[in-house]
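Chains as they are written, first to last, in this note's numbering: chain A, 558 to 700; chain B, -3 to 509.
The reader is advised that the hints may include incorrect statements.
Away from chain A, derived, C-beta distances all over 12 Å, residues of chain B [what the hints assert, rightly or not]: (1) Val8; (2) Leu51; (3) Phe153; (4) Asn163; (5) Ile247; (6) Ala339; (7) Leu340; (8) Asn341; (9) Val399; (10) Val416; (11) Gly460.
With the Cβ distance kept under 10 Å, some of the chain A side facing chain B (calculated, not the full set) [what the hints assert, rightly or not]: (12) Phe563; (13) Leu570; (14) Glu582; (15) Ala594; (16) Asp615; (17) Gly664; (18) Pro667.
Ranges between beta-carbon positions, derived for each pair [claimed, not checked]: (19) A:Leu689 with B:Met241: 34 to 42 Å; (20) B:Leu286 with A:Ala589: 24 to 32 Å; (21) B:Ile426 with A:Gly573: 16 to 24 Å.
Everything labelled a hint here was simulated from the structure, so no lab data went into it.
The beta carbon of each residue, even a glycine, is placed where N, CA and C say it ideally should be.
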Amino acid sequence: MSDRIFGVVGLLLALGYAWAALNIEESFLSDAVGPKAFPLIIATVLGLASIAIIVKPDAAPEWPSLMRFVEVGAAIVVMILYAIFLPELGFVIATALAATYLTWRLGTRPLSSVVSGSLTSLGIYAVFHLVLGLSLAKGPLGF
Amino acid sequence: METLSSLADGFVIALTWQNLLLALLGCFLGTMMGALPGLGPSNGVAILIPLAFTLGLGATPALILLTSVYYGAMYGGRISSILLNIPGDEPAMMTCLDGYPMAKAGRAGEALALSGIASFVGAFLATWGLILLAPQLVKIALLFGPAEYFALFTLAFATLGGVASTNQAKTAIAAALGIGLATVGVDTQTGVPRFTFGEVHLYDGIDFLVAIVGLFALSEVFLFLEHRHGNADAAGHKVSVGRMMPSFSLIRSCTPTMLRTSFLGFIAGVLPGAGASLGSFISYTMEKKLVDKEGTFGTGDPRGVAAPEAGNNAAAGGALVPMLALGVPGSGTTAVLLAVLLALNITPGPLLFTQQPDVVWGLIAALFIANFMLLAMNIPMIGLFTRVLLIPPRILMPIVAMVSFVGIYGISGSSFDLLVMIGFGVMGWILRKLDVPLVPIILGTLLGNAMENNLRRAITIDNGNWWTLVDSPLSLTLWALALIGFVLPIIFGRVLKARMKHMKKDEEGATID
Chain A
558 MSDRIFGVVG
568 LLLALGYAWA
578 ALNIEESFLS
588 DAVGPKAFPL
598 IIATVLGLAS
608 IAIIVKPDAA
618 PEWPSLMRFV
628 EVGAAIVVMI
638 LYAIFLPELG
648 FVIATALAAT
658 YLTWRLGTRP
668 LSSVVSGSLT
678 SLGIYAVFHL
688 VLGLSLAKGP
698 LGF
Chain B
-3 METLSSLADG
7 FVIALTWQNL
17 LLALLGCFLG
27 TMMGALPGLG
37 PSNGVAILIP
47 LAFTLGLGAT
57 PALILLTSVY
67 YGAMYGGRIS
77 SILLNIPGDE
87 PAMMTCLDGY
97 PMAKAGRAGE
107 ALALSGIASF
117 VGAFLATWGL
127 ILLAPQLVKI
137 ALLFGPAEYF
147 ALFTLAFATL
157 GGVASTNQAK
167 TAIAAALGIG
177 LATVGVDTQT
187 GVPRFTFGEV
197 HLYDGIDFLV
207 AIVGLFALSE
217 VFLFLEHRHG
227 NADAAGHKVS
237 VGRMMPSFSL
247 IRSCTPTMLR
257 TSFLGFIAGV
267 LPGAGASLGS
277 FISYTMEKKL
287 VDKEGTFGTG
297 DPRGVAAPEA
307 GNNAAAGGAL
317 VPMLALGVPG
327 SGTTAVLLAV
337 LLALNITPGP
347 LLFTQQPDVV
357 WGLIAALFIA
367 NFMLLAMNIP
377 MIGLFTRVLL
387 IPPRILMPIV
397 AMVSFVGIYG
407 ISGSSFDLLV
417 MIGFGVMGWI
427 LRKLDVPLVP
437 IILGTLLGNA
447 MENNLRRAIT
457 IDNGNWWTLV
467 DSPLSLTLWA
477 LALIGFVLPI
487 IFGRVLKARM
497 KHMKKDEEGA
507 TID
């Protein structure tokens, strides 16, 4: 069933891509092929391969339980928040928070996670900023 | 003769202090990455690419660093195979068969040292193979016009699925996704924006480094979270390493095996799409057929350790031949290396050898140097590398994630790129669950533009005649090979995959009893 859904998604993607390709505005300077033809070929390949999956799917993979799904979802949210707040909080604080969260969720006890997350952040800061001179996001505290 | 003098020039470039240090660092990091289960050569190189850029290294030093990581990771993959019966990456799977039984019999040190030597022999001979074969391939490639290049790209995509996936439709979907991503941005020929939805960030297209790091590194983190492998550290079943140096007679008895399988592995590596997994598999099976008269393979026969290790490292070198000479990578990791080259504004292919010989020969010289460094590191320092296995993933995976973020942020300084990378991470996680190979996606984003440009150039030259694509014997041959490459795995791929799994299972059964 997973493969069939994947196939349908692929097919919709192929149709959307083809539709978007047909709507590309042609420029007055164009070669013999133009900007539409190649994307249409790719859309055709994508569509045909998706149909092949719908017709002949593989055995379904083992999907995680709802709890594990929530786990992965929460990690994704944390990473998105990290990306957004990195310029505000600065590298060291943002990274310490995110690394602590990930370490905790991978099964470390809360207190050890804080230690490990902070050390990860400081370690990366030391190596990449202080030693290698990479410019990382500066927060209100200057690091 | 000309080749040798070019190689000598290459050594002059590679033997500077900075480059030697980078090679040393690359070998060390690579071996660690390879040793850790779950982080293979592709992830290893993927995580380190953005760093090489943010360090502002020039083309040759960056290449030296990353190819050392590549070779190092190929060496490192064997460590957890032998000590834990968990392959560090797929090509190291066959090394479990005899390596782990040797370790259980108290000969872990010998197995590690012997496999280190076998890795060296395989990689060393393959580098010579690269020197001999690549310039010949370049001569053929100079005959290629745009139509032939278009056919060659199609060949690369058609064969890439080969061993990577059992389902060719999924490989095709992955390739189409990648090429589709490459078309996002302003069309180079006409200047028209395509698939950008008016988003200015997308006018430059999608940065393939962002795609690579997201797909490979972040998806690995999600997989760990899903299974909560975090506590699965190696401390529980630590094996004592034992005697470090194998006896001279042992090395001598394994030498014919190493030589044969190096040759075989190299050929497997050169063939597009086959790569190191196939190299180690056929090396092991051939040696078993050839020399295993007493049926000791699978019970801790040293030749069963030497064969797949020489084979897979030779294949890693072989995969560089089509990558450098044609610009078409022969394996997943070389696809990632191709990304490095492109990002450094170096276009691999026949012209590279004539226009930027210093890059090519500097790189080849660096491969030799990396090889000797790895041999020197892997015998006396093996105890140190085995200790890497004691770092639990619950500490390691967050570091991998954070280093990925640092690398991408260091290049662009934009949160938007980080969000795109997370998007790719989620996509990579779902696709891996569905058994869709990631390498064709990467290859598609890398080669998509070149593929389209060659198509359009070919047809424009011939005034809009599409038949020009199949007009020469050379392009017809390439099309025929592409067709064979696409169809054959449908027949043989399943069988091969099943046999690899089967052999591993048999072996597990045998050691548990």
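Taking each numbered hint in turn, which are not upheld by the structure, reported in ascending numerical order?
-> As far as the earlier hints go, 2, 3, 4, 9, 10, 11, 18 and 20 are violated by this structure, in ascending order.
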